[in-house]
Amino acid sequence: MSTLKSETKDSKPVMTDLKGQTLITLQTLKEDNPASLATYEKLGGYEQLKRLVTNKVKAVEVINQVKLSGLRGRGGAGFPTGLKWSFMPRYYDGTKYLVCNTDEGEPGTFKDRDIIRYNPHQLIEGMAIAAYTLGAGVGYNYIHGEIWREYEIFEAALAEARAAGYIGQNLFGTHFNFELYAVHGYGAYICGEETALIESIEGKKGQPRFKPPFPASYGVFGKPTNVNNTESFASIPWILQHGGQAFADLGVAGSGGSKLFSVSGHVEKPGNYEVNMGMPFTELLAMAGGIWKGRQLKAVIPGGPSTAVMPASAILDATMDYNGLSKAGSSLGAGSLIVMDETTCMVKTLKRLSYFFYEESCGQCTPCREGTGWVYRVIKRITEGNGKMEDLDLLTDVSNNISGRTICALGDAAATPVLSFIKHFRPEFEYYIQHGKSMVDGQ
Amino acid sequence: MLKIEIDGKPVEVDHGTTIIDAADKLGVAIPRFCYHKKLSVAANCRMCLVEVEKFGKPLPACATPVAEGMKIFTRSKAAVQAQQSVMEFLLINHPLDCPICDQGGECDLQDVAVGYGASGSRYTEEKRVVFNKNIGPLISTDMTRCIQCTRCVRFLKEVGGMQELGMVGRGEHAEITAYVDQSVNSELSGNIIDLCPVGALTNKPFRYSARSWELVRRPSIAPHDSMGSHIEVHVKDDKVMRVLPREKESINECWLSDRDRYSYEGLNSPDRLKVPMIKHHGEWQETDWKTALEYAAGQIKDITTEHGSDALGALVSPNSTMEEGYLIKELVHGLGCGNVDYRLRQTDFRLDGKRVGTPWMGCNIDEIEKLDRILLIGSNIRNEHPLLAQRFRKAVDNGAELSIISPLDNNPLMDIAHKIIVTPNDIVNVLAQILKAMSKLQKLSLCLPPQLSELLEQIHVRPNTEAMAESLVGLGETVNLIAPKVGIFLGNMALSAPRFTEMYSLAEAIGGVSGAKGGILPAAANSTGMHLLGVMPASTGMHARAMLEVPRKAYLLLNIEPELDCQHAALARSAMEKADCVVALTAYKSKALDHATVLLPIAPFTETSGTFMSMEGRIQSFKAVVKPLGECRPAWKVLRVLANTLGLQGFDFESSEEVKLKIFDGEKPSDFARSRLNNNMKELVEIETKIKSPGLQRVGEVPQYEADPIVRRSEPLRKTKYNIKRLVRLHPDEMRAYDLVEGDMVLVTQDKGSTVLPVRPDAHVAPGCVRVAAAHEDTLGLGDLMGDISIEKITQEQADVFKSKQMEAQN
Ligand SMILES: Cc1cc2nc3c(=O)[nH]c(=O)nc-3n(C[C@H](O)[C@H](O)[C@H](O)COP(=O)(O)O)c2cc1C
Ligand code: SF4
Ligand code: SF4
Ligand code: FES
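Chains as they are written, first to last, in the numbering used here: chain A, 1 to 443; chain B, 1 to 811.
The set of hints was computed from the structure by calculation and includes no laboratory data.
Positions of the beta carbon are idealized from the N, C-alpha and C atoms, including for glycine.
It is possible that part of the hints are untrue.
Stated by the list, open to error - Coverage of chain A stretches by chain B, computed from C-beta distances (three or more under 8 angstroms per stretch; other residues unrestricted):
id, stretch
1, 352 to 360
2, 372 to 380
3, 401 to 414
As the list claims (entries may be wrong) - BS3-like mimics (lysine-lysine), calculated; alpha carbons at most 25 angstroms apart, straight line:
id, chain 1, residue 1, chain 2, residue 2
4, A, Lys211, B, Lys38
5, A, Lys269, A, Lys30
6, B, Lys157, A, Lys205
7, A, Lys211, B, Lys157
8, A, Lys211, B, Lys37
9, A, Lys223, B, Lys394
10, B, Lys290, B, Lys279
11, A, Lys211, B, Lys3
12, A, Lys348, A, Lys380
13, A, Lys211, B, Lys54
14, B, Lys394, A, Lys204
15, B, Lys578, B, Lys805
16, B, Lys127, A, Lys380
17, A, Lys327, B, Lys57
All chains, full assembly: derive it from the sequences and hints.
So, in structure tokens, the structure goes:
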């Protein structure tokens with residue numbers, strides 16, 4: 001653990017200019033000492049939990065507000081949160097579980113880390129509200145293994161919340177009990193997949209389960225379990241405070257609320273930006289200081305490497321919301337924008353991305369286990385100057401053979417960059433194969 | 001029922017059926033690797049992808065439950081494309097070393113590749129190499145060939161009861177491995193060879209000895225426990241090359257224990273006796289059959305004429321066939337002698353004459369997994385009936401509560417709800433407590449015979465026994481059952497115990513109170529059959545133990561090594577030593593037969609036809625799978641000719657089938673058995689619940705790979721970790737009481753015999769017991785498997801002196 005600790009010792013806040021942002025999950029950022037309980041309480045923290053629990057507000061009323069808010073899962077798949085909550089069995093003889101997915105491990109994704117860092121109590125309140133609504137007695141927050149300080153911050157916040165009577169037994173003098181624990185992972189990307197994460201919580205090797213059954217019927221220890229992303233949970237208190245409609249109104253049709261975008265790559269001011277859904281990409285790029293060094297935009301991966309790369313022409317007209325990006329040929333994913341300027345070699349970038357998926361495949365199912373290695377090796381061979389023209393069709397074909405045929409979505413995630421890079425930047429690949437070097441940097 | 005369509009063919013299936021099961025039902029072949037009907041669904045190989053109408057992507061048939069109106073296409077363009085692509089992925093890293101792979105010819109990957117693979121590969125990158133693992137003497141590994149289907153992992157965890165293999169590493173680096181430096185020790189391990197769809201796990205002893213297509217496959221019955229497992233013997237050039245399970249759902253399903261799989265190596269042992277031998281002036285001389293038989297008959301005749309027919313004793317292996325048992329019984333009776341018995345490892349014969357019929361397990365093997373409450377008395381089930389243990393495991397996985405009363409706290413690799421670990425003698429008292437607690441709980445005390453009621457009055461029920469009784473009447477840890485299905489079974493340790501009679505009677509009474517099924521789990525392949533035939537002393541005859549205690553002038557031995565196969569090794573040895581004549585029908589030359597007079601080479605089960613009757617009363621005949629080795633003859637023939645030579649009438653059988661016909665006397669064998677199998681007792685026996693042994697009691701199990709002459713000679717089985725060196729194992733409390741530390745030498749004495757062995761603390765042994773396994777040359781000096789025993793700490797020098805004296809005595 002000590003190495004992990006020292007690796008993340010330098011945690012200077014990735015502070016961004018708050019102007020133009022709609023701070024919801026990071027609302028404490030406006031205050032001094034944002035992570036403390038006092039700060040959160042000052043902003044009305046834990047009042048929603050208290051209101052629901054002491055007034056015995058009905059679960060369906062809460063779920064209806066969440067449905068109304070248009071909140072969609074922030075973990076990448078964008079599944080409507082209210083709908084997901086309604087899948088949890090109402091009556092169940094035994095413990096139901098709640099899991100928060102803070103395993104954020106996809107390259108370019110660093111939003112959940114900031115929520116824990118600056119506003120852990122809002123996450124805790126969101127989870128407690130969910131637990132109340134869904135009847136879950138026990139919750140876990142699974143925190144990515146490579147972030148240590150955030151794990152400590154969260155543990156400290158838990159201790160505060162427990163001492164203040166926000167989690168624990170007989171909360172607010174009622175029969176409502178909710179125990180919440182932090183689980184620190186070991187850094188495998190696959191443990192972000194919800195069923196692998198559940199296996200990992202159970203102390204097993206993190207490997208996705210075949211679905212169905214879904215966690216709602218067979219989750220942690222085989223019990224009904226609801227899994228949501230950190231940002232999804234952290235949005236809940238605000239939704240209940242201001243009403244689902246207010247949240248929905250922040251965004252656009254099909255994408256309620258504001259959203260944390262992690263902007264990285266060739267921009268002047270990389271960092272997290274919490275802005276309303278539907279914001280034009282150009283505006284978000286401007287907030288991030290524009291392309292660095294006065295260079296030109298070449299391409300953007302808008303939602304993390306598992307989403308399709310978009311050439312500048314496609315992204316420049318796009319809006320940052322689920323429908324907007326899908327119309328433009330990609331998807332919102334977890335909202336992690338990787339911005340690439342004109343000096344970026346797409347062949348080498350793809351090599352790096354396919355190496356990631358090759359390394360992170362859990363190895364359970366054949367197409368992903370065998371296919372990710374195959375793809376990586378072919379691309380690597382191309383970058384070593386030994387490519388063949390047929391390789392491009394082979395890569396496309398192999399990726400298509402992975403996609404949609406695996407146990408979990410990592411297979412699709414691995415195929416998407418290959419397919420989209422070759423689709424949009426084929427001449428660059430052909431050049432590399434013909435000349436044995438990059439069209440962009442000549443090396 | 002749901003109506004669906006597969007490849008245009010309509011079929012109706014139950015709710016919850018998967019596509020692959022529905023297709024199998026229809027006879028539509030869907031390729032597969034990871035799916036196995038007996039294992040959980042992993043859905044990881046993806047070979048079974050099929051197209052389903054209205055689904056945008058292919059679905060795994062093994063993991064997709066059908067829905068009403070589903071239209072499934074297994075051979076459509078999309079389905080075949082998906083299947084071919086998976087095949088391509090599976091082959092890119094496969095070494096394709098079929099010519100040097102033992103799996104060649106019986107490889108799922110090879111077979112499916114013929115249908116779905118391409119002729120060339122598009123993969124030109126470097127292939128993955130995985131280092132092999134040494135997982136023990138039975139299974140050979142070539143891990144580069146592994147396709148990560150995890151069948152082996154799931155088998156060991158789900159069927160074997162312990163996860164001994166796992167997949168470590170991620171992605172392409174994922175590999176199947178055992179725990180660091182550990183072998184796979186499951187007594188069912190060989191099944192993973194059958195399960196492995198490729199040549200990653202192959203049969204180590206069989207390795208490189210034959211190609212699968214050179215082998216002739218012949219059906220037979222496994223001879224080492226009383227399950228009656230179906231086996232397929234693979235033969236080349238009249239030699240048994242390997243043994244595989246033959247699927248029989250109601251008995252062995254598709255599994256086989258390692259004992260039944262690897263014992264065949266003992267058939268090819270250099271110890272095999274190939275020609276008849278006569279001892280002449282203390283020297284063994286080979287001879288021909290005629291001479292040997294005449295000599296044997298002459299000796300028997302002389303002795304019985306001179307000393308009376310009583311002077312003969314016949315000891316019969318319970319692994320011999322019904323035909324052999326019948327003939328030897330008739331032969332002995334024909335000589336006017338009643339001394340014949342197959343119960344070699346029994347010491348308590350007080351039940352003789354008190355039973356209504358032949359004791360058996362009291363239910364069918366496949367009923368076990370449906371039980372709700374199980375009580376195992378004096379059984380180390382994994383050692384005694386390795387594969388049956390798996391049925392109990394299934395029951396427990398299905399929610400049954402298992403209770404165990406035993407002198408050994410062995411791990412059965414399943415959850416135990418209640419256990420009471422006491423000395424063999426104390427088991428009787430515990431059973432009486434259970435009976436008392438149960439009859440109270442059931443408010444049935446009035447129904448018990450007065451004799452028992454009186455006895456129970458003096459019994460004090462302890463809380464742990466009460467909890468066990470509650471479980472047996474249906475009060476569960478989580479769920480209470482009004483009418484639980486209960487099974488009560490007595491194992492080998494109970495059968496060999498000096499107070500077996502009490503255990504049996506009380507178990508019967510408990511069964512009566514709880515409406516339980518159950519009975520005994522007889523040790524050997526034909527124990528039940530031998531009892532049914534009455535291969536036991538006639539009214540005036542002597543039982544197996546008496547024949548040794550009061551030595552006979554002459555012995556007729558069928559298929560045994562007396563000092564290894566009898567309850568009391570020392571007695572058996574001295575009885576053979578003292579006898580004037582020992583005629584041994586045996587498949588092996590053996591040190592244990594040094595004191596024999598004539599050795600008649602008989603055919604083991606693979607070389608003769610015959611019939612076994614299993615624990616569940618199933619009568620199963622088998623045929624020879626190879627020709628008898630050398631001059632060996634089937635024992636039924638030898639016994640027939642011996643009887644003829646002795647001038648006895650009624651031994652004119654031309655085949656073993658004729659003997660069988662005679663045995664069942666025109667009746668249908670199953671009807672014959674049905675009318676005779678019965679665990680009830682005619683009358684109660686005297687039950688004494690307070691017997692305390694003066695000192696320590698031995699727990700002398702027969703290790704599973706020492707059970708009979710064939711397994712004893714299987715080299716690969718001897719190399720497993722079950723072939724432990726003989727030790728004295730004591731509860732740590734006893735270690736302290738006797739001032740012993742691990743490794744100390746102790747002098748172990750039973751009756752007049754002694755041996756010297758190192759001691760080891762073992763918390764799994766009941767206090768008051770000394771665990772010394774039997775059937776081994778180190779323990780030949782000892783007595784009863786379950787009798788009184790004493791120990792004494794000695795120095796290393798004293799131990800050395802003892803051993804050198806022992807050596808001298810032997811030479
Ligand atoms: C390979 C893989 C990695 C994932 N990683 C994450 C992750 O780091 N964080 C996360 O919230 N969801 C991740 N997911 C998505 C989760 O499986 C799940 O959909 C999500 O946690 C549900 O929460 P939401 O509905 O609030 O988005 C991942 C999915 C896959 C297939
Ligand atoms: S798709 Fe990849 S990561 Fe997901 S289960 Fe299969 S091998 Fe594992
Ligand atoms: S060793 Fe064989 S059975 Fe085990 S995972 Fe590999 S291929 Fe499957
Ligand atoms: S057989 Fe269905 S995925 Fe392996």
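Results of checking the hints against the structure:
{"no.": "1", "hint": "352 to 360", "result": "holds (count 3)"}
{"no.": "2", "hint": "372 to 380", "result": "holds (count 5)"}
{"no.": "3", "hint": "401 to 414", "result": "holds (count 5)"}
{"no.": "4", "hint": "A:Lys211 - B:Lys38", "result": "holds (20 angstroms)"}
{"no.": "5", "hint": "A:Lys269 - A:Lys30", "result": "holds (19 angstroms)"}
{"no.": "6", "hint": "B:Lys157 - A:Lys205", "result": "holds (15 angstroms)"}
{"no.": "7", "hint": "A:Lys211 - B:Lys157", "result": "holds (21 angstroms)"}
{"no.": "8", "hint": "A:Lys211 - B:Lys37", "result": "holds (19 angstroms)"}
{"no.": "9", "hint": "A:Lys223 - B:Lys394", "result": "holds (22 angstroms)"}
{"no.": "10", "hint": "B:Lys290 - B:Lys279", "result": "holds (15 angstroms)"}
{"no.": "11", "hint": "A:Lys211 - B:Lys3", "result": "holds (23 angstroms)"}
{"no.": "12", "hint": "A:Lys348 - A:Lys380", "result": "holds (8 angstroms)"}
{"no.": "13", "hint": "A:Lys211 - B:Lys54", "result": "holds (18 angstroms)"}
{"no.": "14", "hint": "B:Lys394 - A:Lys204", "result": "holds (23 angstroms)"}
{"no.": "15", "hint": "B:Lys578 - B:Lys805", "result": "holds (21 angstroms)"}
{"no.": "16", "hint": "B:Lys127 - A:Lys380", "result": "holds (15 angstroms)"}
{"no.": "17", "hint": "A:Lys327 - B:Lys57", "result": "holds (22 angstroms)"}
In this structure, every one of the numbered hints holds.
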